[in-house]
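J.: Read off the chains here:
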Amino acid sequence: MSVPSKVGKVLESHSFAKRDKLIPILQEVQAADGYISKQAVLKVAAHLNIPASKVYGVATFYNQFRFKPVGRYHIMICRGTACHVKGSAGVLKMCEEVLGIKAGDTTRDGLFSIETVACIGACGLAPVISINGEFHAKITSDKLRKLVQDIRKTEAQNAAK
Amino acid sequence: MKLTINGNPVEAQPGDTILAALKRQGIHVPTLCHMEGMLPSGACRICVVEVEGQNNLIPSCSFPAAEGMKVQTNSPRVINARKTVVELLLGSHPDDCLYCAKQPTCDLSRLAREYGVRDRRFPVAKKKKPLDISSPSISRDPDKCILCGKCVRVCEEVQSVACIDFVKRGSDSFIGCAFDSSLNVSSCVNCGQCINVCPTGALMEKSDIQPVLDALTNGDKYVVVQHAPSISVSLAEEFGLPAGSDVNGVMTAALRKMGFKAVFDTSFAADLTIMEEASELAHRVKNGGVLPMMTSCSPGWIKFVETFYPELLPNLSTCKSPQQMLGAMIKTYYAKKQGIDPASIYSVSVMPCTAKKFEVTRPEMGRDGNPDIDAVVTTRELAQMLRIYGMDLKTLQPEEPDLPFGDRSTAGKLFGASGGVMEAALRTAHFLLTGRELGNLKVEAVRGQNGIKEAKLKIGALEVGVAAVSGLGNARKLAEEIKNGRKDLHFIEVMTCPGGCINGGGQPFARNKAAIAERMRALYNIDATEKVRTSHSNKAVQSLYKDFLGKPLGEKSHHLLHTKYKARKAADVA
Chain A
0 MSVPSKVGKV LESHSFAKRD KLIPILQEVQ AADGYISKQA VLKVAAHLNI PASKVYGVAT
60 FYNQFRFKPV GRYHIMICRG TACHVKGSAG VLKMCEEVLG IKAGDTTRDG LFSIETVACI
120 GACGLAPVIS INGEFHAKIT SDKLRKLVQD IRKTEAQNAA K
Chain B
0 MKLTINGNPV EAQPGDTILA ALKRQGIHVP TLCHMEGMLP SGACRICVVE VEGQNNLIPS
60 CSFPAAEGMK VQTNSPRVIN ARKTVVELLL GSHPDDCLYC AKQPTCDLSR LAREYGVRDR
120 RFPVAKKKKP LDISSPSISR DPDKCILCGK CVRVCEEVQS VACIDFVKRG SDSFIGCAFD
180 SSLNVSSCVN CGQCINVCPT GALMEKSDIQ PVLDALTNGD KYVVVQHAPS ISVSLAEEFG
240 LPAGSDVNGV MTAALRKMGF KAVFDTSFAA DLTIMEEASE LAHRVKNGGV LPMMTSCSPG
300 WIKFVETFYP ELLPNLSTCK SPQQMLGAMI KTYYAKKQGI DPASIYSVSV MPCTAKKFEV
360 TRPEMGRDGN PDIDAVVTTR ELAQMLRIYG MDLKTLQPEE PDLPFGDRST AGKLFGASGG
420 VMEAALRTAH FLLTGRELGN LKVEAVRGQN GIKEAKLKIG ALEVGVAAVS GLGNARKLAE
480 EIKNGRKDLH FIEVMTCPGG CINGGGQPFA RNKAAIAERM RALYNIDATE KVRTSHSNKA
540 VQSLYKDFLG KPLGEKSHHL LHTKYKARKA ADVA
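Residue numbers (numbering that gives the first Met the number 0), protein chains in the order written: chain A, 0 to 160; chain B, 0 to 573.
Isolated chain A, as found in the complex:
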């Protein structure tokens, strides 16, 4: 299921942009499409008249850009200091194991994606994760497994309908 890219629209609003607009444009493309596709890199490069290698280089430099569409359930795992002390490294590892993907990736069915963030700003709930913006506090192995299971169950039921 591929969604038509909105990169053309973004570029229309930057008709006479020069290379200094590269990062704002990439941010808008990501906001519109959810990620930076290959086509988006090529189109932005052609629009700004800079090599695609340069656009790719800049985009990979910054953590904020992703190159795969996010899953329908986007899991952000806090790797801030408090969460780290409370074992977020283990949470991340477990999450990767349960979903069979690495941080930054999206599962093949497009359901889940994992991203690590430096600090979510909810240290009192450590170790904390957020799924589509909803926080889940004091995550343990069982809790995480259950969350994933529940989501899969709901999705399967929805699909059956």
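Source of the hints: derived by calculation from the structure; they are not laboratory data.
Treat the hints loosely; a few may be bogus.
Unchecked claim - Which residues of chain B face chain A? A few of them, derived with a C-beta cut under 7 Å, are: (1) A161; (2) C162; (3) V166; (4) E436.
The structure displayed is predicted, hence computed values, not measured ones.
Heads up, the beta-carbon is just placed ideally off N, CA and C, and yes, glycines get one too.
Chain A is fixed; fit chain B onto it per the hints.
T.: Leaving out everything else, chain B in the frame of chain A:
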């Protein structure tokens, strides 16, 4: 401007960096990321010096010299810092120096030796990125990369191809193509200029030595070799002889001793190219064909046009490059003449060029499923093979090349330097269009190392605008002008590498630009001292037309010596 360097007064010029001032005084400071004639990047910090009044050590490559500055280039603090830089670079570097193809020319291992690095002070987990051997021309080993950025800069700033850049950040960063794709699907034109600037073994030519050695020992193969015009004036440097020494005769002798059944000179085919190309130019001028016509000898340039300027494809001469022309002649005319099955011929070419390795893989460069050229080795690879076979260029007696593809004019030899194809073509075009020889055969305006050389010349009643450009960045400038309607040029020579083939991606690693100038001078010297100086007066070329080809642009030529090009899609170009 007066400076004090290591306690001695030194004169510096306005605009000098500290490094430039030091260099003029013959004071050596090591560099890794510094590139002659380009803006400093200050990335590697190996060139640090101590400047009085500055708290930190100063990178001399990027710091402007100033009046009264007191500089220490080898204080204990400086030496310790440089050694640490090397040790840090070696932290994650592979240990296979003994087997590395870059030896003994690796700058990193030389610095480790010079600064007495005797152990691994900072053991870090080794990077483990896969080799990229997808390109027929260039092999990349990211693990050996020290991120100096020279390849990125030469690719972008000199060649304007920019197919590689820094990817990711910090300890994750590496040099790669867009989308981390392999080189073969990128817009890389295979010129190999990145290899020539790489301080380590991260970038090397894709070696074709083994298949050639195998063919030489395979009794069923009739192995022949051709060598490009610039090889004889650059090979010597690999054996410690001065830059610009011409070793044509001894190289021929060495190749024969290695077991090549025939040693041909690509310069002969350069003369052949001129006959076809000058005829094509005359034809276009007389019949209102597409102008300006652009040369097609340089396969990097061809791929560049196919990728970035498909609208200029009709401007390219349809002539194959000399390598491919000779390849075609060997497997048709020569095979027939010698009574050999073309399929049993193994045709090797020695080229200054990595893009030639790509050119031979083009499907149109052969017939009946047989490529015209079977293997291309660079000047560096030839040197390597000569060492394996124990050939000593200093004691061998010079020998003559094999006929019929051994006789050449000096015009053909000039192909090795930027402007040379133009000069050779003008000599013959003038003769073809007017029936008379050019008054002065030496066309000074297209000689020398300038990136863009232009001239207006009278051929009969016609004023001809010509340009010789080298380095694809310069070619791009001219291509843009032509796209935007520039009309005063008739004929443009483009060589992919700055200065031409003498500075090709397969040439011996030159210490400086002066070596390149010496190679160029050697070619001019050959032109100044020999008698046959025009392609149309090459007797061997004349008899090839009489015996076999008929006439330039004739039917046989059309099939064997000409080709066509088409727009090319690259993964990193929209």
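J.: Evaluate each hint against the coordinates.
T.: Cross-check of the supplied hints:
Interface hint status for A161(B): upheld, as the beta-carbon distance to the closest one in chain A is roughly 4 Å, under 7 Å. Satisfaction of the interface hint for C162(B) is found here, the shortest Cβ-Cβ separation to chain A being roughly 6 Å, below the 7 Å cut-off. Taken as an interface hint, V166(B) checks out: its beta carbon lies about 5 Å from the nearest beta carbon of chain A, inside 7 Å. Of the supplied interface hints, the one on E436(B) is violated, with its beta-carbon coming no nearer than about 46 Å to a beta-carbon of chain A, more than 7 Å.
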